[in-house]
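To convert, take the position in the sequence shown, counting from 1, and add 4; that gives our numbering.
Honestly, the hints are just simulated from the structure, not real lab data.
Watch out, some of these pointers could steer you wrong.
Simulated pairs of lysine to aspartate or glutamate, EDC-like, Cα-Cα distance not exceeding 16 Å [stated by the list, open to error]: (1) Lys73 to Glu95; (2) Lys119 to Glu144; (3) Lys119 to Asp138.
Only a predicted model underlies this, so the values are computations on that prediction, with no experimental measurement involved.
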Amino acid sequence: MAHFAKLDQNNTVLSVVRVDDGDAPNETQGIEFLSNLFGYTNWKQTSFNTRGGVHYIPNSDTPSDDQSKALRANYAKVGGVYDSTNDIFRENKPANCDSWTLNVTSGEWEPPTAKPTIEQMTDGEGEYVAVWNDTNDRWEATNDDKNHRWDAGNQVWVAL
């Protein structure tokens, strides 16, 4: 089964449709089939099993042995974008994250400092919810009315 994203004039994904492989043996023929069926011509093929630039074995989190099947970095999402410059599907840049950059291999937006992976505050107060603060160029978290910042060098949360 092939999947195709219907795009508007700004390359925003409007919908994703499945097409039988017999009607879409390749992208060109799939677009022709959909154009004839719907009278709409702005389509791009997308891979249901591709995410973060990696192709996965169907219905699993195991990368497939044949990475040539990875198509356009990510499976198209309604409201997402087809980036024609990089030939990838991606989401819009997160709000208030002007300093983030697009990884054109994975199709994902990346912060200047990696998101913390430690799930506990340094004071033992419990789990956090990390939020990027673009003004201060850092990860911050609040837990029980206490504010913290991420110290990436020491890999710890520090109370503000």
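In ascending order, which of the hints set out earlier in this document are inconsistent with the structure? Number 1 only.
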